[in-house]
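**Student:** Sequence:
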Amino acid sequence: EDDYDSEFRYHGSPTPALKALDGTGDAIYLGTFSKFLSPGLRLGYLVGPRELVRELREIRRYVLRHPPGHLQRALALLIDSGEYHRSLRRYRTKLMRKWEATCAAVTEHLPWTQTAYPPGGVSLWMTGPPGLDCRALIERAERDGVLIEPGDIFFVGDDPPKNHFRIGFAAVPLRDIDPGIRLLGQACRDLIA
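In UniProt numbering, the protein residues as written are 1 to 193.
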(Lines of atoms letter the chains of each structure in order from A and count residues from 1; the text may use other names and numbers.)
(Lines give C-alpha, C1' and ligand atoms only; values in the text may rest on other atoms or scores of the structure.)
Protein backbone atom coordinates (compact mmCIF):
# COMPACT_ATOMS: atom_id res chain seq x y z
CA GLU A 1 0.00 0.00 0.00
CA ASP A 2 1.44 3.34 -1.08
CA ASP A 3 0.00 5.61 1.60
CA TYR A 4 1.06 9.06 0.48
CA ASP A 5 -1.85 11.17 1.74
CA SER A 6 -3.69 9.51 4.64
CA GLU A 7 -2.54 12.35 6.90
CA PHE A 8 -4.82 14.63 4.89
CA ARG A 9 -8.17 13.35 6.11
CA TYR A 10 -10.69 16.08 6.93
CA HIS A 11 -13.76 14.21 8.20
CA GLY A 12 -14.53 10.89 9.84
CA SER A 13 -12.26 8.24 11.26
CA PRO A 14 -9.09 7.28 9.43
CA THR A 15 -9.32 4.28 7.14
CA PRO A 16 -7.11 1.51 8.53
CA ALA A 17 -4.01 0.77 6.50
CA LEU A 18 -4.02 -2.56 4.66
CA LYS A 19 -0.93 -3.48 6.69
CA ALA A 20 -2.98 -3.13 9.89
CA LEU A 21 -5.55 -5.58 8.50
CA ASP A 22 -2.94 -8.05 7.23
CA GLY A 23 -3.14 -11.31 9.16
CA THR A 24 -0.39 -13.02 7.16
CA GLY A 25 2.38 -10.43 7.49
CA ASP A 26 2.72 -10.21 3.71
CA ALA A 27 1.44 -6.66 3.18
CA ILE A 28 3.93 -3.91 2.45
CA TYR A 29 3.24 -0.37 3.66
CA LEU A 30 4.96 2.65 2.13
CA GLY A 31 4.81 6.19 3.46
CA THR A 32 6.46 9.48 2.64
CA PHE A 33 7.32 12.77 4.29
CA SER A 34 7.69 14.48 0.91
CA LYS A 35 4.01 15.37 0.34
CA PHE A 36 3.87 17.47 3.49
CA LEU A 37 7.39 18.72 4.13
CA SER A 38 8.92 19.14 0.68
CA PRO A 39 8.80 17.23 -2.61
CA GLY A 40 12.59 17.51 -2.86
CA LEU A 41 13.16 15.93 0.55
CA ARG A 42 12.71 12.38 -0.76
CA LEU A 43 12.43 10.74 2.66
CA GLY A 44 9.98 7.92 3.19
CA TYR A 45 9.62 4.61 4.92
CA LEU A 46 8.61 1.02 4.29
CA VAL A 47 7.06 -1.50 6.67
CA GLY A 48 7.07 -5.12 5.60
CA PRO A 49 8.49 -8.57 6.22
CA ARG A 50 12.03 -8.31 7.63
CA GLU A 51 13.69 -10.35 4.85
CA LEU A 52 11.97 -8.33 2.12
CA VAL A 53 13.01 -5.05 3.74
CA ARG A 54 16.60 -6.31 3.86
CA GLU A 55 16.49 -7.24 0.14
CA LEU A 56 14.90 -3.94 -0.86
CA ARG A 57 17.56 -2.01 1.05
CA GLU A 58 20.23 -3.85 -0.90
CA ILE A 59 18.53 -3.13 -4.23
CA ARG A 60 18.01 0.52 -3.31
CA ARG A 61 21.75 0.96 -2.80
CA TYR A 62 22.28 0.18 -6.48
CA VAL A 63 19.40 2.26 -7.80
CA LEU A 64 19.31 5.42 -5.68
CA ARG A 65 21.75 7.22 -3.49
CA HIS A 66 21.26 6.93 0.24
CA PRO A 67 19.31 9.86 1.72
CA PRO A 68 21.73 12.21 3.49
CA GLY A 69 22.12 11.42 7.18
CA HIS A 70 21.75 15.03 8.25
CA LEU A 71 18.29 15.19 6.61
CA GLN A 72 17.25 11.99 8.36
CA ARG A 73 18.48 13.34 11.71
CA ALA A 74 16.75 16.69 11.15
CA LEU A 75 13.48 14.90 10.41
CA ALA A 76 13.89 12.73 13.53
CA LEU A 77 14.41 15.88 15.64
CA LEU A 78 11.36 17.51 14.05
CA ILE A 79 9.24 14.48 14.93
CA ASP A 80 10.70 14.09 18.45
CA SER A 81 10.09 17.76 19.26
CA GLY A 82 6.41 17.49 18.31
CA GLU A 83 6.79 20.25 15.70
CA TYR A 84 6.17 17.83 12.82
CA HIS A 85 2.69 16.98 14.12
CA ARG A 86 1.87 20.60 15.04
CA SER A 87 2.85 21.73 11.55
CA LEU A 88 0.92 18.86 10.00
CA ARG A 89 -2.24 19.90 11.88
CA ARG A 90 -1.88 23.48 10.62
CA TYR A 91 -1.30 22.28 7.06
CA ARG A 92 -4.26 19.87 7.27
CA THR A 93 -6.51 22.77 8.34
CA LYS A 94 -5.29 24.82 5.37
CA LEU A 95 -5.89 21.89 3.00
CA MET A 96 -9.35 21.28 4.45
CA ARG A 97 -10.36 24.84 3.53
CA LYS A 98 -9.12 24.20 -0.01
CA TRP A 99 -10.94 20.85 -0.12
CA GLU A 100 -14.19 22.52 0.99
CA ALA A 101 -13.77 25.29 -1.59
CA THR A 102 -13.05 22.74 -4.32
CA CYS A 103 -16.08 20.61 -3.43
CA ALA A 104 -18.34 23.70 -3.37
CA ALA A 105 -16.97 24.98 -6.69
CA VAL A 106 -17.39 21.58 -8.36
CA THR A 107 -20.98 21.38 -7.11
CA GLU A 108 -21.71 24.85 -8.50
CA HIS A 109 -19.72 24.91 -11.75
CA LEU A 110 -19.55 21.24 -12.80
CA PRO A 111 -23.00 19.93 -11.82
CA TRP A 112 -23.13 17.44 -14.71
CA THR A 113 -20.02 15.60 -13.54
CA GLN A 114 -19.98 12.75 -11.06
CA THR A 115 -17.65 12.64 -8.12
CA ALA A 116 -17.62 10.92 -4.79
CA TYR A 117 -16.37 13.62 -2.45
CA PRO A 118 -13.71 11.77 -0.48
CA PRO A 119 -13.22 12.61 3.20
CA GLY A 120 -9.63 13.59 2.51
CA GLY A 121 -6.80 13.68 0.02
CA VAL A 122 -5.38 16.36 -2.21
CA SER A 123 -7.47 15.89 -5.36
CA LEU A 124 -10.93 14.99 -6.65
CA TRP A 125 -11.59 12.26 -9.20
CA MET A 126 -14.16 13.42 -11.75
CA THR A 127 -16.31 11.56 -14.27
CA GLY A 128 -17.57 13.83 -17.01
CA PRO A 129 -20.61 13.21 -19.17
CA PRO A 130 -20.37 10.54 -21.88
CA GLY A 131 -18.72 11.98 -24.97
CA LEU A 132 -16.41 14.30 -23.05
CA ASP A 133 -12.80 13.91 -24.16
CA CYS A 134 -10.62 14.77 -21.15
CA ARG A 135 -7.61 15.42 -23.41
CA ALA A 136 -9.55 18.11 -25.30
CA LEU A 137 -10.74 19.50 -21.95
CA ILE A 138 -7.17 19.61 -20.64
CA GLU A 139 -5.99 21.46 -23.74
CA ARG A 140 -8.83 23.97 -23.55
CA ALA A 141 -8.53 24.51 -19.79
CA GLU A 142 -4.78 24.99 -20.06
CA ARG A 143 -5.34 27.94 -22.40
CA ASP A 144 -7.33 29.51 -19.54
CA GLY A 145 -4.53 28.77 -17.06
CA VAL A 146 -6.31 25.82 -15.42
CA LEU A 147 -4.37 22.57 -15.07
CA ILE A 148 -6.03 19.19 -14.53
CA GLU A 149 -4.81 15.62 -14.96
CA PRO A 150 -6.16 13.19 -17.55
CA GLY A 151 -8.00 10.23 -16.09
CA ASP A 152 -7.22 7.81 -18.89
CA ILE A 153 -3.66 7.32 -17.63
CA PHE A 154 -5.05 5.64 -14.51
CA PHE A 155 -6.76 2.86 -16.48
CA VAL A 156 -5.25 -0.33 -17.85
CA GLY A 157 -6.02 -1.47 -21.39
CA ASP A 158 -6.00 -0.20 -24.92
CA ASP A 159 -9.23 1.79 -24.84
CA PRO A 160 -9.60 3.57 -21.47
CA PRO A 161 -12.63 5.79 -20.88
CA LYS A 162 -11.95 9.34 -22.03
CA ASN A 163 -14.32 11.24 -19.76
CA HIS A 164 -12.38 11.02 -16.48
CA PHE A 165 -10.07 13.65 -15.03
CA ARG A 166 -8.54 14.62 -11.72
CA ILE A 167 -8.59 18.05 -10.09
CA GLY A 168 -5.73 18.70 -7.67
CA PHE A 169 -6.08 21.51 -5.15
CA ALA A 170 -3.16 21.29 -2.70
CA ALA A 171 -0.88 23.69 -4.60
CA VAL A 172 -3.64 26.06 -5.74
CA PRO A 173 -4.12 29.29 -3.76
CA LEU A 174 -7.52 29.28 -2.04
CA ARG A 175 -8.60 32.46 -3.85
CA ASP A 176 -8.01 30.80 -7.26
CA ILE A 177 -10.04 27.64 -6.69
CA ASP A 178 -13.56 28.91 -7.46
CA PRO A 179 -12.54 31.05 -10.48
CA GLY A 180 -10.45 28.18 -11.86
CA ILE A 181 -13.23 25.63 -11.57
CA ARG A 182 -15.67 28.15 -13.06
CA LEU A 183 -13.36 28.39 -16.11
CA LEU A 184 -13.11 24.60 -16.19
CA GLY A 185 -16.91 24.36 -16.13
CA GLN A 186 -17.18 26.78 -19.06
CA ALA A 187 -14.58 24.81 -21.03
CA CYS A 188 -16.48 21.60 -20.32
CA ARG A 189 -19.79 23.16 -21.40
CA ASP A 190 -18.23 24.40 -24.64
CA LEU A 191 -16.86 20.95 -25.45
CA ILE A 192 -20.07 19.03 -24.84
CA ALA A 193 -22.36 21.59 -26.49
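None of these hints come from the bench; they were simulated from the model. Check the hints yourself; a few may be wrong.
[Stated by the list, open to error] Cross-link-like lysine-lysine pairs, in silico, DSSO-like; alpha carbons within 30 angstroms at most:
#1 Lys98 - Lys35
#2 Lys98 - Lys162
#3 Lys94 - Lys19
#4 Lys35 - Lys162
#5 Lys35 - Lys19
#6 Lys94 - Lys35
[Claimed, not checked] Cβ-Cβ distance ranges computed for the label pairs, FRET-style:
#7 Glu108 - Leu43: 47 to 55 angstroms
#8 Leu43 - Pro129: 15 to 23 angstroms
#9 Tyr117 - Ala27: 21 to 29 angstroms
#10 Gln72 - Asp2: 14 to 22 angstroms
Beta carbons are placed, not taken as given, at the ideal position from N, Cα and C, and that holds for glycine.
**Student:** Does each hint fit the structure? Answer for all of them.
**Tutor:** Status of the hints after comparison with the structure:
no.: 1; hint: Lys98 - Lys35; verdict: holds, 16 angstroms
no.: 2; hint: Lys98 - Lys162; verdict: holds, 27 angstroms
no.: 3; hint: Lys94 - Lys19; verdict: holds, 29 angstroms
no.: 4; hint: Lys35 - Lys162; verdict: holds, 28 angstroms
no.: 5; hint: Lys35 - Lys19; verdict: holds, 20 angstroms
no.: 6; hint: Lys94 - Lys35; verdict: holds, 14 angstroms
no.: 7; hint: Glu108 - Leu43: 47 to 55 angstroms; verdict: violated, 39 angstroms
no.: 8; hint: Leu43 - Pro129: 15 to 23 angstroms; verdict: violated, 42 angstroms
no.: 9; hint: Tyr117 - Ala27: 21 to 29 angstroms; verdict: holds, 28 angstroms
no.: 10; hint: Gln72 - Asp2: 14 to 22 angstroms; verdict: holds, 21 angstroms
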